[in-house]
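Student: In case you want the letters, here they are:
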Amino acid sequence: MLNVRNLSKTFNPGTNYELRIFNEFNLHINKGECTGILGANGCGKTTLFNIISGAIRQEKGLIILNGKNIDNLKENERARFIGRVHQNPSAGVSPSLTILENISLSDKKCQKFTLRKLINKHKTEAYKEILSTLDLGLENKLNTEVKYLSGGQRQSLSLLMATMNKPELLLLDEHTAALDPKTSRLVMEKTQELIKTHSITTMMISHNVRDALKYSDRIIMLDKGEIILDVRSSQITEKELLSIYNSRNYGSPLSEAV
Amino acid sequence: MNTLILTSIEQGLIFSVLAIGVTITFKILDFADMSVEGTFPFGAFLFAKLISGGFTPLTSTLLSFVFGTLAGLLTYTLNIKLKIKALLSGILTATILYTINLRLNGKSNVGLFSYSSIYEGFEPVIILILMVFGVKILMDTFLKTEVGYLLIATGDNETLVKSLGEDSNKYKLIGLMISNGLVALSGALMAQYQGFAEITMGTGIIVVGIASIIVGDTVLRKQRFLKLTTRAITGALIYKFIGALAIDLGLAPTDLKAINAIIVIMFLSYNTFNPIKMKKADELKVVEEVKC
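Chains A and B, in that order, give the protein sequences. Counting in the working numbering, the first sequence runs from 565 upward without gaps. Counting in the working numbering, the second sequence runs from 37 upward without gaps.
Since the hints were derived computationally from the structure, they do not count as laboratory data. All figures in this text were calculated on a predicted structure; none of them were measured in a lab. Treat the hints with care, since some could be wrong.
[As the list claims (entries may be wrong)] Here are the simulated SDA-like pairs of lysine to any residue, each with C-alpha atoms no more than 25 Å apart in a straight line: (1) Lys681(A) to Asp699(A); (2) Lys206(B) to Ser654(A); (3) Lys180(B) to Glu156(B); (4) Lys711(A) to Glu194(B); (5) Lys681(A) to Glu234(B).
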């Protein structure tokens with residue numbers, strides 16, 4: 565499904581601040597699976613997502629998605645088959661546009677944007693139905709500007725918009741980190757529902773070990789740009805996972821509650 | 037007084053077109069485009085060049101819009117392709133246009149009294165209302181299209197536009213070109229209205245554009261359903277009227293620039309010391325004191 569081959573990436577090369585993140589890094593992600601990515605800050609999780617999505621370029625290595633080398637594609641071109649939800653709930657929506665306008669834009673994803681009117685009244689009912697799957701009552705707030713929604717509502721909408729056209733790969737970058745525990749759980753449940761319904765191959769960065777174990781099929785732990793653990797979620801317990809994480813002696817030790 | 041009202045309405049309408057243009061860059065795209073200072077006289081000098089070259093007033097006016105869009109293309113190239121900061125890109129475009137404006141007709145002041153204008157045979161106010169109404173309808177319609185919404189989304193959140201598979205720079209280009217086209221159109225309308233094109237007519241024009249937006253937003257703050265174009269037009273009309281009123285009350289025309297700046301300061305300070313906001317802040321203070 566996704567193959568990352570011999571990836572190398574260095575920030576600020578040739579300066580005092582040179583930082584090598586990846587050196588000949590390799591990764592294979594299986595189709596239809598949800599892979600949880602764990603690791604401390606600075607271990608390369610988000611850099612990996614940025615490279616896969618095309619937001620930044622690697623010096624060396626190949627990114628192969630479904631047999632196609634996507635290295636030459638720009639970020640917006642890769643977006644046609646890669647969906648991404650960011651940590652910031654406002655990053656996946658246009659805050660000054662209404663829910664209806666946001667969802668209408670994302671419905672046009674991968675198609676040609678023209679000088680036709682965006683809002684199609686005939687589609688409103690269909691959008692209401694899609695929004696109702698979130699159970700947040702957003703279907704009754706179609707004309708509310710997104711900036712007036714709560715973080716959880718905005719993030720759920722981002723998630724819905726990122727998965728509307730069923731991407732081949734979905735990147736979830738700590739997408740519940742900015743939410744309170746209750747909303748976070750709710751968004752995680754909606755996430756699982758959406759990726760299972762559409763069988764979307766997913767990579768999910770999380771600092772929450774429990775969530776990663778519960779919602780992922782496979783767990784990968786990164787440290788200094790290397791995979792230090794690659795295991796099926798069913799084959800490891802939360803305690804074991806925490807003990808491996810804390811044994812690396814970096815950052816502050818993770819507790820079960822994180 | 038009647039002449040004062042009519043003149044300020046007419047000038048307000050001309051500046052409405054400018055204000056709509058500035059709205060696209062400053063408000064929709066969040067792009068501080070200073071090239072307006074050069075594009076406004078560029079429209080005036082282009083009109084002078086075209087009308088003296090035998091084109092009809094209407095064709096010359098419309099071509100001023102078309103050529104004005106090229107100023108947007110230049111700012112875009114400097115900012116996006118050459119990675120020069122937005123503010124500096126606009127200033128550089130305005131500086132280049134200064135020379136182009138002087139070169140166009142070979143002088144810094146071109147009289148247009150011997151040529152016909154689009155106002156000929158009509159009351160200028162009627163032509164201007166039709167023109168502004170036309171621009172407003174076109175802009176409102178455009179902003180409701182798929183491309184128009186992507187223009188708004190680009191100013192709002194470029195990441196979203198990229199995630200929709202679109203190149204957000206394309207929409208910056210479209211916005212900058214339309215904006216500069218409208219500003220040049222406004223310059224052409226002004227040149228015909230005052231009967232000459234003059235090199236200094238762009239100086240401080242960006243303040244007029246931004247002031248119109250601020251005044252419009254302040255006056256119509258509660259009418260959230262009103263479109264951005266309606267706000268810009270209302271703002272330009274009020275702004276121009278207050279300035280004219282100050283002159284009528286005895287201030288010298290040379291004081292106009294300072295008056296304009298004071299109007300902007302007044303409206304901005306009204307936003308800061310808005311009684312509703314202050315009331316809310318006071319209530320908040322009371323609540324916090326109670327909590328303590």
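Student: Given the proposed pairing of Lys681(A) with Asp699(A), does the C-alpha separation stay at or below 25 Å?
Tutor: Violated: Lys681(A) and Asp699(A) sit about 29 Å apart, past 25 Å.
Student: Does Glu234(B) sit within 25 Å of Lys681(A), going by the straight-line distance between their CA atoms?
Tutor: violated (41 Å)
Student: Below or equal to 25 Å on CA atoms is what counts here, so check Lys180(B) against Glu156(B).
Tutor: violated (34 Å)
Student: Given the proposed pairing of Lys711(A) with Glu194(B), does the C-alpha separation stay at or below 25 Å?
Tutor: Measuring from Cα to Cα gives roughly 16 Å; hence the hint holds.
Student: Is Lys206(B) close enough to Ser654(A), meaning Cα to Cα at most 25 Å?
Tutor: holds (22 Å)
Hint compliance for this structure: hints 1, 3, 5 are not met, and every other hint is.
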